[in-house]
Amino acid sequence: MLNRLTDSLDFQAQALNLRAERQRIIAGNIANVDTPGFVARDMDFASALREATGTAAGSSMMAGASTTNPGHIPLSAGSAAELGLKYSAASQTNLDSNTVDMDRERASFVDNSVKYEATLRFINTHVRTMLDAMKPANQG
Amino acid sequence: MSLFKIFDIAGSAVSSQSQRLNVVASNLANVDTVAGPDGKSYKARQVTFETVLMNTPDGVPGAGVKVSKISEDQAPGRRVHDPASPSADADGYVTYSNVNAVDEMVNMISASRSYQNNIEVMNTAKTLLMKTLQMGQG
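Protein sequences appear in the order of chains A and C. Under this note's numbering, the first residue of the first sequence carries the number 1, and numbering increases by one thereafter. Under this note's numbering, the first residue of the second sequence carries the number 141, and numbering increases by one thereafter.
Extracted from the complex, chain C is given alone in its bound form (with noise of 0.2 Å):
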């Protein structure tokens, strides 16, 4: 029956969505996080999608999501001029992380909007297979 296969194809769309709203948070959670004594600043992840076929038996497979990787962004960090900070280098720059929060909210929005579309496809299939399952009774 292929309606219950949605169920897999949906939930493999709802986890890896919500594995990259993780990224955001993580993201947006470091915005503003300053260079350690390494010089070396919090670098913006990012996830990258994958189809992943879900075998069915009658041989055409369904097409699942899956994460297949998560890529740091290696644009150098935001530098700021502030002599009077405890990070700052040298020449009085503190660098912070390279995240761009206005991507980051973006990216939660589409990862969000996404995230609801699956669950929506999911109640559909269940409402069709709960119908199916009293047929031949009303």
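Just chain A, same shape as in the assembly (with noise of 0.2 Å):
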């Protein structure tokens, strides 16, 4: 009975996870803004989300993502592959062939932040939701 109350819980706790993460891939970003060579990484969030929660579009990437030969390498869990880690492209040429644009990370950086606390909110809320379905009725 009580899971029945935080199963649904389960999912934003995963954006919220997935979200953290995001935010430290684009801290990462910002913090090699200056170093030759470097390339930007990013998160396709949606995609990771999904294989994060195991719904059904999650389970058929993974199978379009198995090993069909044995000289294929089987990925692993927690892999860069997992998360849908994508390198980004230079949007303007560079000497130093550094990939980080500063004005994509800060944008993103904000974005990520922004919906952080909205999955914290709707965790709050769905919290407060269960203890006000829990309260007898003369409490109201």
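No lab work stands behind these hints: they were computed from the structure. Model, not experiment: these values are computed from the prediction. Note that beta-carbon positions come from the ideal geometry of N, C-alpha and C, so glycine has one too. Among these hints, one or two may not hold up.
Stated by the list, open to error - Calculated lysine-lysine pairs in the DSSO-like style (CA-CA distance at most 30 Å, straight line):
| # | chain 1 | residue 1 | chain 2 | residue 2 |
| --- | --- | --- | --- | --- |
| 1 | C | K206 | A | K86 |
| 2 | A | K86 | C | K271 |
| 3 | C | K206 | C | K266 |
To be verified - Where chain C lies over chain A, by a calculated footprint (3+ residues, C-beta under 8 Å):
| # | stretch |
| --- | --- |
| 4 | 18 to 24 |
| 5 | 30 to 40 |
| 6 | 116 to 126 |
Put the complex together from the two separate chains, hints included.
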């Protein structure tokens, strides 16, 4: 019975984890804005969340990434492929072949912070809804 | 929790940028340094950054940054004809350091902006963590 109350929180918890993960990746990009040869990375959030929560679309994607040849290297859990990490191309050519675009990174960073807070708010509201539902009627 | 790692990543960047700022300060301070008796003048120094991978429990490394080397600019020093100077050589030339003040000012602004950016990243991570701590309370 109790797990039914918290099951729907799992999805938001996964989303929150991935948001924190993405925040860390963007922080790494911003930290390496002056590193020669650094290639910026970012997460395909939608597919990463699908995979983390194991919905139907996620399982078919895992099937697509399976090993079909004995020479293939299996994708291990926690690998970059699982998070859907991708490399970004340089928006402007650069003498030191660094592909961090500071404008894009800052925008992604703020976007991700706001969405992290939104997910937190979803969780808080959900918890409050559950607590309200458990209150006796006379305490309305 | 990956948000904690942000402090390591942004912290490594802040410390690297402050080292870069330190080198810029040395260069700017020595912009008018004259060559000593050995004829060697101050050489401008430049830092080079390198990505350092920070291991995380979930296996996806975070990308920190460190100063991999500090190299000296081997360009010849600025030579000024000033026979009256006590540092002048046999031909009456004084050799100054090879620091380019304009380059250094640009370098300084770039380092200062990167420093500010990383501080901002840490502030945001702190705000998010504080809000995460209050999860379920409000």
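Hints not upheld, ascending by number:
none
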